[in-house]
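Residue strings, one per chain:
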Amino acid sequence: MDDSRIETNPPAHEAGAGNQSSEASAAQEGAVAQDTRPPSTPKGAAFPWESERRPLGTFFRDHFREARESLAFVAGAAGTTLLVWLLMGIALGLPAGLYVLQANLAGVAEGWRGSTGISVYFEPGAEAGVTLALAERLRAQPGVADVRLITADEALTEFRDYGDLAGTVELLGGNPLPATLRVSFDAPLAAQTAEALSAGLRQEEAVEDVVVERTWLERVASLSALVQRLGWVVALVLGVGAVLVTSSSVRVALESRLDELRVLKLVGGTDPFMRRAFLYLGCLYGLGGAVFAAMIVSLTLFTVEQPLVRLLATYGGDLELRGFDATFLVVLLGVGALLGVIGSMVACRQRLRNLDILA
Amino acid sequence: MGSIAFEHVSRRFDNGAEGLHDVSVSFAEGSMAFITGHSGAGKSTFLKLLLAIDVPTRGRILVGGVDVVRLPRRRLPLYRQHLGAVFQDHRLLARRSVFENVALPLRVVGMRERDIARRVRAALSSVELLDKVNLPPRYLSVGEQQRVGIARAVVNRPRVLLADEPTGNLDPELSQSIMGLFRQFHQIGTTVLIATHDRALIDAFGGRVVELDHGALIRDNGAAGDSGHG
Numbered sequence: 001m002d003d004s005r006i007e008t009n010p011p012a013h014e015a016g017a018g019n020q021s022s023e024a025s026a027a028q029e030g031a032v033a034q035d036t037r038p039p040s041t042p043k044g045a046a047f048p049w050e051s052e053r054r055p056l057g058t059f060f061r062d063h064f065r066e067a068r069e070s071l072a073f074v075a076g077a078a079g080t081t082l083l084v085w086l087l088m089g090i091a092l093g094l095p096a097g098l099y100v101l102q103a104n105l106a107g108v109a110e111g112w113r114g115s116t117g118i119s120v121y122f123e124p125g126a127e128a129g130v131t132l133a134l135a136e137r138l139r140a141q142p143g144v145a146d147v148r149l150i151t152a153d154e155a156l157t158e159f160r161d162y163g164d165l166a167g168t169v170e171l172l173g174g175n176p177l178p179a180t181l182r183v184s185f186d187a188p189l190a191a192q193t194a195e196a197l198s199a200g201l202r203q204e205e206a207v208e209d210v211v212v213e214r215t216w217l218e219r220v221a222s223l224s225a226l227v228q229r230l231g232w233v234v235a236l237v238l239g240v241g242a243v244l245v246t247s248s249s250v251r252v253a254l255e256s257r258l259d260e261l262r263v264l265k266l267v268g269g270t271d272p273f274m275r276r277a278f279l280y281l282g283c284l285y286g287l288g289g290a291v292f293a294a295m296i297v298s299l300t301l302f303t304v305e306q307p308l309v310r311l312l313a314t315y316g317g318d319l320e321l322r323g324f325d326a327t328f329l330v331v332l333l334g335v336g337a338l339l340g341v342i343g344s345m346v347a348c349r350q351r352l353r354n355l356d357i358l359a
Numbered sequence: 001m002g003s004i005a006f007e008h009v010s011r012r013f014d015n016g017a018e019g020l021h022d023v024s025v026s027f028a029e030g031s032m033a034f035i036t037g038h039s040g041a042g043k044s045t046f047l048k049l050l051l052a053i054d055v056p057t058r059g060r061i062l063v064g065g066v067d068v069v070r071l072p073r074r075r076l077p078l079y080r081q082h083l084g085a086v087f088q089d090h091r092l093l094a095r096r097s098v099f100e101n102v103a104l105p106l107r108v109v110g111m112r113e114r115d116i117a118r119r120v121r122a123a124l125s126s127v128e129l130l131d132k133v134n135l136p137p138r139y140l141s142v143g144e145q146q147r148v149g150i151a152r153a154v155v156n157r158p159r160v161l162l163a164d165e166p167t168g169n170l171d172p173e174l175s176q177s178i179m180g181l182f183r184q185f186h187q188i189g190t191t192v193l194i195a196t197h198d199r200a201l202i203d204a205f206g207g208r209v210v211e212l213d214h215g216a217l218i219r220d221n222g223a224a225g226d227s228g229h230g
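Protein chains in written order, with the working numbering: chain F, 1 to 359; chain L, 1 to 230.
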């Protein structure tokens with residue numbers, strides 16, 4: 001075009017077309033809109049260029065081709081793809097990991113619920129008759145499932161079983177441990193009931209302390225709720241991050257195919273048609289990111305399982321760390337794909353609208 | 001649907017320059033005409049407005065009786081699907097084969113694969129490039145690339161074919177060949193508008209000439225010179 005240098009102002013419907021600055025473009029668009037462009041075809045003139053109905057086969061053919069080309073693009077830019085997957089994996093992995101942690105905490109709380117009970121600690125040297133009498137009275141109470149008396153000697157023997165601490169007892173000389181009653185109930189106790197019972201037991205002869213095991217349950221439940229809420233916040237923030245990562249990556253792919261997009265637009269390609277390949281690209285980025293996230297979560301679980309089990313064992317918890325199941329993986333993949341597609345849509349919407357056909 | 005009418009069309013740019021100034025001209029369906037003028041006369045603006053890549057600041061542009069200036073954005077692709085456009089720089093996709101380049105307009109409209117193959121081969125046959133169907137454009141000469149561009153422009157059987165300096169990079173012999181192709185499409189009822197500043201080419205082919213100067217229409221040999229098809 002011999003005179004294209006001065007004829008690059010964008011039309012209202014091709015916002016951003018032309019070589020001039022975006023500010024100038026916007027000003028020009030405003031001027032054009034003022035003069036010429038009502039939002040519809042004029043009255044009395046039927047639109048003669050309606051599209052024909054597409055055969056279903058071509059719909060699937062086009063989707064298959066776009067998916068294949070997107071795969072080829074992903075494979076052809078392996079370095080970039082791995083980086084995007086890693087970023088997406090981190091963004092998805094953190095909330096996914098928190099979900100797994102929360103599920104495990106909930107499992108711990110559930111497991112302890114069945115053994116909710118009370119521990120009654122006697123004063124050192126409390127007479128056996130006193131401890132036995134209280135045990136008998138408690139057994140007679142309705143709702144009490146079991147009362148187990150651990151004498152001071154039994155406690156000492158149990159303590160010696162903790163290999164690391166065995167030597168400590170020898171240093172002390174005598175037996176400093178008290179006799180204990182472990183009371184369990186048929187059904188979980190309400191907090192008020194447990195507190196009332198605890199207060200009553202503290203008044204008993206030779207009783208030094210009463211510990212309601214429910215305290216731990218409540219702590220775990222609170223921690224679980226906290227982790228759950230934290231998970232939602234992290235998921236929201238990193239979800240936005242994942243969308244931005246995909247959007248930026250797809251934008252790079254868009255820029256590398258601008259020539260093709262310009263030609264497509266020139267020959268009548270609709271925005272959805274041009275967008276399709278990039279939606280597949282975003283989907284692939286999201287799916288790959290989800291796989292990376294699953295790997296990160298698995299690796300983390302594998303790494304922390306032993307220390308965590310040992311930690312919970314010291315609190316009397318019997319934990320079998322739960323990983324994730326197929327449903328979790330499917331949901332993770334679905335979320336990843338969805339975030340990827342959303343990121344692509346963000347990139348495409350902005351870039352395709354501002355595409356200068358004749359740049 | 002191939003008739004074209006510009007009614008008092010003006011296009012003023014931000015810098016105050018007028019790409020077109022109060023241009024009124026019409027072309028009957030199936031006609032062929034040259035849009036000419038010196039560099040900066042407004043030829044490209046004329047074609048851009050027709051392609052709905054640009055919009056005028058004033059006036060109406062009717063194609064097939066529809067004011068394309070007022071078309072909503074969602075209908076612009078459908079409108080463009082019924083136009084063919086040829087450019088001096090071909091605008092071919094380097095990473096795709098000749099076949100895929102020519103097939104693009106057909107894929108856009110969702111044509112069946114077997115129909116695409118038939119149409120593409122017919123279009124390439126008309127520009128005598130059937131033997132290059134699987135090659136990428138970089139293996140073709142400039143003239144061959146221009147012919148691929150023409151094949152892509154006509155493969156969808158457009159009612160209007162627009163060409164902007166289609167022979168700009170070609171030697172006289174190739175230019176004659178390309179112009180012969182445009183005449184063929186004109187003869188089957190396509191409205192053909194060719195923007196060129198090549199006076200020798202225009203003189204050699206004759207026909208209707210619309211001349212612009214600084215955006216204004218200064219000459220139109222009109223109906224007398226309008227090349228009706230056939």
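None of these hints come from the bench; they were simulated from the model.
One thing to keep in mind: the hints can contain errors.
[Said to hold, decoys possible] A partial selection of chain L residues facing chain F, derived with a Cβ cut-off under 10 Å:
#1 Lys48
#2 Leu51
#3 Arg74
#4 Leu76
#5 Arg138
[Stated by the list, open to error] Restraint ranges, calculated between C-beta atoms of paired labels, are given here:
#6 F:Asp271 / L:Pro136: 26 to 34 Å
#7 L:Ser97 / F:Phe59: 17 to 25 Å
#8 F:Arg68 / L:Arg112: 14 to 22 Å
[As the list claims (entries may be wrong)] Simulated coverage check for chain L against chain F, where a stretch passes if three residues somewhere in it have a Cβ under 8 Å from a Cβ of chain F:
#9 81 to 91
#10 108 to 114
No residue lacks a Cβ here, since even glycine has one placed at the ideal position from N, Cα and C.
Results of checking the hints against the structure:
no., hint, result
1, Lys48, "holds (7 Å)"
2, Leu51, "holds (7 Å)"
3, Arg74, "holds (8 Å)"
4, Leu76, "holds (6 Å)"
5, Arg138, "violated (13 Å)"
6, F:Asp271 / L:Pro136: 26 to 34 Å, "holds (27 Å)"
7, L:Ser97 / F:Phe59: 17 to 25 Å, "holds (23 Å)"
8, F:Arg68 / L:Arg112: 14 to 22 Å, "holds (19 Å)"
9, 81 to 91, "holds (count 7)"
10, 108 to 114, "holds (count 6)"
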